[in-house]
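Please build the complex by placing chain B on the supplied structure of chain A, with the hints as guidance.
Residue numbers (this note's numbering), protein chains in the order written: chain A, 84 to 302; chain B, -3 to 248.
Quick caveat, the hints were computed from the structure, so don't treat them as lab data.
Heads up, simulated BS3-like pairs for lysine-lysine below, C-alpha to C-alpha not over 27 Å straight-line: (1) B/Lys114 - A/Lys201; (2) A/Lys216 - B/Lys118; (3) B/Lys74 - B/Lys50; (4) B/Lys114 - B/Lys74; (5) B/Lys100 - A/Lys296; (6) A/Lys216 - B/Lys50; (7) B/Lys74 - A/Lys216; (8) B/Lys189 - B/Lys120; (9) B/Lys114 - A/Lys216; (10) B/Lys50 - B/Lys114; (11) B/Lys67 - A/Lys131; (12) B/Lys188 - B/Lys126; (13) A/Lys297 - A/Lys216; (14) B/Lys100 - A/Lys297; (15) A/Lys129 - B/Lys50; (16) B/Lys100 - A/Lys216; (17) A/Lys216 - B/Lys126; (18) B/Lys236 - B/Lys1; (19) A/Lys297 - B/Lys118; (20) B/Lys126 - B/Lys189; (21) B/Lys227 - B/Lys245; (22) A/Lys201 - B/Lys86; (23) B/Lys55 - B/Lys227; (24) A/Lys201 - B/Lys137; (25) A/Lys129 - B/Lys67; (26) B/Lys86 - B/Lys50; (27) B/Lys55 - B/Lys67; (28) B/Lys50 - A/Lys201.
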Amino acid sequence: MNMFEKMLSWMPALLRATGVTISLTALSVSCGLILSLFLALGKISKSKVVQKLCGAYIYFFRGTPLLMQLFFIYYALPQLHSALTISSRFTAAWIAYSLNSAAYLAEIIRAAIQSIDKGQLEASRALGMSYGKAMRLVIIPQSIRRLIPPIGNEFIMIIKDTSLVSSIALVDLMKKTSQIQSSTASPLVYLPSMAIYLTITAVLTWVFNCLEKKFSIYE
Amino acid sequence: MSMIKVENVYKNFGTLEVLKDVSFTVEAGEVVCIIGPSGAGKSTILRSLNHLEKITSGKIWIENDLLDDRKDGVNLVKLSSAERASILLKTGMVFQRFNLFPHKTVLENVTLSPIHVKGLTKDKAETLAKDIISRVGLADKINEYPSRLSGGQQQRVAIARALAMEPEIMLFDEPTSALDPELVGEVLNVMKKLAESGMTMIVVTHEMSFAREVADRILFMFDGSICEEGKPDEIFNNPKNERTRNFLKSVL
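In isolation and in its complexed conformation, chain A is listed as follows (with noise of 0.2 Å):
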């Protein structure tokens, strides 16, 4: 076989692997936006508690390693207590990159929310809206345009954090890559796992693009 051919006979095994990759950055970062929607806005409520709350979360998710968040949820939540068992890693790893997601997103979210000038706010306090539906019509709608490239972003990093997931012996595209490079000991592998990467970033970022477009109509 040639070098070329080679490449070729391990793609499907790198696809099937991909999915799992795929799967577990959509729905982490889809849990991850509901989530850090309400912690953006109870870092902006008024309640003190609340404000407390969330930013010791978004503390706790930003200031330790999502490695060792992944660990705990998988490995040392059953020591703490048995009920806390997550025996699929697939549930585990979706659980810790939702968590670890919703804070940074959290950030995002609160920043844009607060770009959004004033007056708008002014605006629809005086035409009778209450705070949450002032949020809900007028401000919220206003800073998705200004979450999409940033949310991109996230995306695109979560993509690349999931390959954390081999150390819990969870077959991703990062996890087959190795298996079948200690299998066939050829470094070749990487080319076409890359390959693979750089393809789903390349959709990513052309998806958030057209997303950024259709937001911007009214500007």
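Just chain B now, kept in the frame of chain A:
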């Protein structure tokens, strides 16, 4: 009947006193212009009427409802947020910087609150909005986004948006100060028509000719207090207070 009654209002920002013992009333159908130098507290008192600023002490009535009775920043009037909202809905506000919703078209700007606050159906709200938008002369712009409009057009949409909530009192906070000179006239004309229709209006303005022509009464503010008030003719032609004289000399 007084539409608005303001009694002994004080407002501090930290140690800075921006309003000192401000009292006045506005009758139904009256057009009152507040004039005075920058930093006199004109915008602050106007914004207090709509709770965009919280006064430190004093009382504010909107129609017969006591909105504020404050001492040391604490409101002694206990209203539920729904009760307060219903009082505040009697006033509509127009801002210096328009504050239109940039992600909504002209029509959506005007229908948003009638639909989501008053609970009008979309059809009803749009019929109402189209009528009001054509009254401010922008019937051909209903599907444009605000960024496609001139400043004068944006301010007219802002007026339409406030009117769509059918307020009894309109508050204008320097509505023409952010406009290019050639666009001021179109906004003032809309306001003039509104005044002629019998709307109760309080207008903070630097447009002395508008104040002279349209106002029933002028309040001259200086350094947080109302120094002089009277009919435009008295204030402009025969000011009694020396500060009023100096101010008018500098702007006319």
